[in-house]
Amino acid sequence: MTATEFLTYMDHFIKFSKPTTEEPVLPLLDNHSSHVDINVVEKAKANSIIMLSFPPHCTHMLQPLDVGVNGPFKAYCAKAQDNWLRNNPGKTMSIYEIPGIVKTAWPLAATPTNIINSFKNTGICPHNPDIFTSDDFAPSFVTDRPFLEVFVLDCVSSFFF
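First residue of the sequence shown: 1, per this note's numbering; consecutive thereafter.
Everything labelled a hint here was simulated from the structure, so no lab data went into it.
Among these hints, one or two may not hold up.
Stated by the list, open to error - If you anchor each label on the Cβ, the simulated ranges turn out as follows:
hint, residue 1, residue 2, range
1, Leu85, His32, 26 to 36 Å
2, Ser17, Asn128, 46 to 56 Å
3, Pro112, Met51, 17 to 27 Å
Unchecked claim - EDC-like, lysine to aspartate or glutamate: derived pairs with alpha carbons at most 16 Å apart:
hint, residue 1, residue 2
4, Lys120, Asp66
5, Lys45, Asp11
6, Lys79, Glu97
7, Lys43, Asp11
8, Lys45, Glu22
9, Lys45, Glu23
10, Lys43, Glu97
11, Lys103, Asp82
12, Lys120, Asp130
Model, not experiment: these values are computed from the prediction.
All C-beta atoms in this analysis are idealised placements derived from N, C-alpha and C, irrespective of residue type, glycine included.
Please take these sequences and the hints and turn them into a complete structure.
Okay, structure coming up:
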């Protein structure tokens, strides 16, 4: 997506969400460059749209579609692809089979229940500020150790063993 394309989408979004100063609209976005383009931000501000961007590297926990729809969609796509391959032995799957796979997988993944649970599991609706613990954002063991300690231990173990 480019900033120009997203600006066109914003026109569509404004037309159908009908934001006003009394009832502004809050879209939840990732930090894609098209979302933070100055023309997009100015259009949003002029039309009572308050844009909220998720912090980088957190969309897998905070973005509703990533949490509850995209995962099942990928799984259903994989299953539909496996079924196609079993039903078409010896044939090579091409780009022309993709729409049929998506047609099968999308309705199974984008269910009202999955979508509602996506917002619930991210703590967006109903609002739950305690949905995540500090452990959810803790560094991994590898990055939690000081560099010098890791370097020295690796050198010592290489020398003696």
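Checklist entry - What are the numbers of the hints that this structure violates, sorted from low to high? => result 2, 10
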